[in-house]
Each structure stands twice: as C-alpha cells, then as structure tokens.
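Just so you know, the sequences run in chain order A and B.
The first sequence runs 1 to 261 under the numbering used here.
The second sequence runs 1 to 261 under the numbering used here.
Derived by calculation from the structure, the hints in this document are not laboratory data.
None of the values given here were measured: they were computed from a predicted structure.
A couple of the hints might just be wrong.
Unchecked claim - Some but not every residue of chain A turned toward chain B, in silico, with C-beta under 10 Å: (1) Asp77; (2) Thr80; (3) Gln153; (4) Asn166; (5) Ala170; (6) Ile174; (7) Gln175; (8) Ser178; (9) Ile196; (10) Gly197; (11) Phe213; (12) Leu261.
Said to hold, decoys possible - With a Cα cut of at most 30 Å, we get these calculated DSS-like pairs of lysine-lysine: (13) Lys168(A) <-> Lys65(B); (14) Lys55(B) <-> Lys214(A); (15) Lys214(A) <-> Lys199(B); (16) Lys214(A) <-> Lys214(B).
Where is the CB? At the ideal position from N, CA and C, for every residue including glycine.
Protein chains: 2
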Amino acid sequence: MLDIKNPIEARKVIRKNEYRNQTAGTANKYVQGNLCILPSKYAMDFASFCQKNPKPCPLIGFGTKGDPSLKDLGDIDIRTDVPQYRIWEKGKIIDEPYDIKKYWNEDLTTFVLGCSMSFELPLIEAGIPIQHIENDTIVPMYRTSIDCEPAGQFSGKLVVSMRPLNSKDAIRSIQISSRFPAVHGAPIHLGDPSEIGIKDIMNPEYGDPPKAFKNNEIPVFWACGVTPQSVLQDSKPDFCITHAPGKMLITDKLNNDLAAL
Amino acid sequence: MLDIKNPIEARKVIRKNEYRNQTAGTANKYVQGNLCILPSKYAMDFASFCQKNPKPCPLIGFGTKGDPSLKDLGDIDIRTDVPQYRIWEKGKIIDEPYDIKKYWNEDLTTFVLGCSMSFELPLIEAGIPIQHIENDTIVPMYRTSIDCEPAGQFSGKLVVSMRPLNSKDAIRSIQISSRFPAVHGAPIHLGDPSEIGIKDIMNPEYGDPPKAFKNNEIPVFWACGVTPQSVLQDSKPDFCITHAPGKMLITDKLNNDLAAL
Numbered sequence: 001m002l003d004i005k006n007p008i009e010a011r012k013v014i015r016k017n018e019y020r021n022q023t024a025g026t027a028n029k030y031v032q033g034n035l036c037i038l039p040s041k042y043a044m045d046f047a048s049f050c051q052k053n054p055k056p057c058p059l060i061g062f063g064t065k066g067d068p069s070l071k072d073l074g075d076i077d078i079r080t081d082v083p084q085y086r087i088w089e090k091g092k093i094i095d096e097p098y099d100i101k102k103y104w105n106e107d108l109t110t111f112v113l114g115c116s117m118s119f120e121l122p123l124i125e126a127g128i129p130i131q132h133i134e135n136d137t138i139v140p141m142y143r144t145s146i147d148c149e150p151a152g153q154f155s156g157k158l159v160v161s162m163r164p165l166n167s168k169d170a171i172r173s174i175q176i177s178s179r180f181p182a183v184h185g186a187p188i189h190l191g192d193p194s195e196i197g198i199k200d201i202m203n204p205e206y207g208d209p210p211k212a213f214k215n216n217e218i219p220v221f222w223a224c225g226v227t228p229q230s231v232l233q234d235s236k237p238d239f240c241i242t243h244a245p246g247k248m249l250i251t252d253k254l255n256n257d258l259a260a261l
Numbered sequence: 001m002l003d004i005k006n007p008i009e010a011r012k013v014i015r016k017n018e019y020r021n022q023t024a025g026t027a028n029k030y031v032q033g034n035l036c037i038l039p040s041k042y043a044m045d046f047a048s049f050c051q052k053n054p055k056p057c058p059l060i061g062f063g064t065k066g067d068p069s070l071k072d073l074g075d076i077d078i079r080t081d082v083p084q085y086r087i088w089e090k091g092k093i094i095d096e097p098y099d100i101k102k103y104w105n106e107d108l109t110t111f112v113l114g115c116s117m118s119f120e121l122p123l124i125e126a127g128i129p130i131q132h133i134e135n136d137t138i139v140p141m142y143r144t145s146i147d148c149e150p151a152g153q154f155s156g157k158l159v160v161s162m163r164p165l166n167s168k169d170a171i172r173s174i175q176i177s178s179r180f181p182a183v184h185g186a187p188i189h190l191g192d193p194s195e196i197g198i199k200d201i202m203n204p205e206y207g208d209p210p211k212a213f214k215n216n217e218i219p220v221f222w223a224c225g226v227t228p229q230s231v232l233q234d235s236k237p238d239f240c241i242t243h244a245p246g247k248m249l250i251t252d253k254l255n256n257d258l259a260a261l
C-alpha cells in the first residue's frame, strides 16, 4: 500500500512511476475514481450512458477533448497520474502501461466515475466490518441480469459489488451509503442473489470470492463502477483507455464533499 | 373509518363520543400518538424509560401534572379526545371507557408517544405496498427477546411491528423511515425472525397475522409503540391509563414536521 495521506503527494509518487500497485487505503479521506478515456466519436454516447445509469456510472469528472488535465479534481495529468492503465481495442486489452503518454492524442476525452471506496470509509468509521478490506482481498463483483439503460452503442448488464453484513449492519449501511448518491448510493438489492441473476455467490465474475457466509450474514449488493468496463468490453469501441482494476485515480476531492447530507 | 382530513374537526367528533373506532386513515397528514397516563410517583421513571428507549418510545408530548391539556400538540383535552381508553390496575385492564372524566385526577401526568402511522404515509406515497393497510388489518406485532433499557421499575422486552417487503422496497423503506427518528426511525432488524427471538412469524403477539410471504418478500421489523403497553403490563404500576389499540390521539402536528430531513 502507498501509505501517503495527502493526495497531491500520492499523485507525485505515481506520476514518477515510483508506485504501480493498487490504491486502496491511500489518501483515504479523498475520492478515488474509475477512469475511462474515449475517442470523441464515442464521448457523447458514453456521457449519455452515464447520465442514464447514475448508480453504476456516477460521473465525477469530465475532461475537455484533447486536454489531459482535470482541474475540478485537482492538479491532474491523466496521462501519468494513475498507477497502471489498460489500453483496449475492440473490447480486447492490448497493453497495460504505467503511463499513456504514447497513447494520448488530441481526440480523446476523459471520464472519471465515482467508486465505492468513498462510502467504505464511513462504513468502517461506523464500526461496520467490511470483509474484503479485513481480508485484504478485492471486493467480489458479479454481472447481474439487470440491463443498464442503453445509450447509442453502449449497453450491457449492471455489475454489482457485494458485502456480507448482518441485518443490523445492513440497515446501517443503507443509511450511510444513501448519503453518497455520487458514489453508487444505497444498495440496489439485498438477500437472495438469484433475484438479480447471480447464480453462484461464491464465484464472482470480478474480484476475489467472498468467505463462507456466517449464519446471520446476508449479501448486500451495490451498483459497481466496474459496470462501464464490462459495457466497454461488450460494446467494443475501436479504442479506449481505462485504469487497471484497483489502481484508481486519486483526486483532491474529499469523500465528505460527496455526501448529500 | 372517520373520514375527516382536519385534525381539529376529527377531535371534535371524538370528543362528543360520536366516533369510537380506530383512527387509521383519519387526518392522515397529521401525527397520531400512543397514550400513557401515569400517577406522579411513576412519571419520572417512565420519562426516563422513554429517554433510554427512544426507538420504541419516542416522546412527542409530555403533559404537566394534573393538566389534561397538551398545548404543544393542539387544543387537546386528553380526558375526552381519544376514541377509547384502557384503565389498568396492577397490569390488568379494569375498564375500557370512551372518556376518562371519572378517572382523571390532579396527580396524573400524560405521555404521548409517536407511532408508525407517521412514516407509513410516506412509504405509501413512495409506491411501497403496505400489506396490513391494503388488507385493512392491524399490523402484526411481536414481543422480541431484546431487552429495553430499564428505568426505575419499568423494564421489559422490545415489541416490534413487521411489514413484509421485497428487497427493493425494504431498502427504500429504510431510507424513508430513517427520515423519521421521532416515530421509530429505521428498522431494527430484517430477515431471519429467530435472530430477535420471534418463534413464529405467522403468529404475532399483537395485531393480525400476516398473509403468507411471497417468494421475494422479507420481513422488516420496526420498534413499536406497543412496547410501553407491554412494559406497563409487566411492570404493573398500581394505576395507569392508555389508549385502546388502534384508537389513537390525533394531533395538530404534521407528520412532515417530524421529518429530520
């Protein structure tokens, strides 16, 4: 873990390619974002897709065509400030570089989407144990049977993240995450996974499998920022760039600034 | 049902003993209250009990010793303004009169506690079906294994009301009822009834049994204003007066005035 509390300092290290790992826990009072960079011909459709699907795709940053800075989110150069990237061509990964200087061009537009880390800290601060954090694993994520609202060429299934919680913590987690509509907000489901098309809760499509459920634990499901990656895989644009899973953009925005109340 | 929207008009009818039935649906934008009237020697302990148990016993009105009015809640004479009362001696019901003029005395203090009707209307307005209202039955209520915080001679088990909801509505109902901490607030439990000591969900201790659960429905449990009646039954004060179940005090306070946000 990159143990730096200040987001500007953390980005400096990442910018120099001195840290190339996952960003969970780094500058943890600050918003981290999912990244998606697209050629201009796709930009309006993708913006529209985010607008129609605010729970999985909460847009917290929107660059100007050809401009690698994101002034709203801090002194950011998107070409260098993420630990690792993925370069996609027609839905396939062709490279996983540590900067994208050689891929950047004047036609690209940057999108930054909120991520659940922003409400996990308030959950932990409320005394709610988060299994995947305690085990230092990646949150289990599942492709559901729920269709996103399509926009232009972008369509696909909703991906959800899952946290096993007892009933009391499930209720409290609904209250707390409701305060953060800009980072997925309240859960979209709890209880029976098959109701949203999840066949095997122990076998997630993304992330690590959960531990066996305790008797009093129920699965609680939040819309997940991996949804756009899954949609990009399906929709197969000629070209796009995302962050590598878990290796997010660290911004200067406080998590608490995203709280609706 | 007493189909009057204005709480002052509704109380006038009740005051004249022209309506003696349950008050559900009457003046439904206004707060209705559970009633508890106690001799002064118990008043401080009961006030303390309410303070220690705000979820089941949210105190919304607190009279002055010997004074039957409740100016905070409207132009109320507590001796006449409830459709039917119960007179208790040592935990046993000895009378169920339509007014308490002959029982009132200078030593009595009135307590009014919030009730779940105040958040049921916002639930219905959010499109959430409430089974017991749709079936025109009384909400099922259960004595749990959860101890209230004792205060002086008052102690006993928490009573909960239960509404069967699908997962989506359960999540939404947690958000909506969280806005109303003064009337029980968020649920205290959902899912497995045995975790809170309920042996048979189809066999409630108070109110009417629920209908058979649909496949996608889970039981959602709120702290219930019947708790103080159950506690009074156990704690057996020499004398007390309550409302008869379902026949509540209608106040001039808007439900929306109780919303925390």
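Name the hints, by number, that the structure is in violation of. 1, 2, 3, 10, 11, 13
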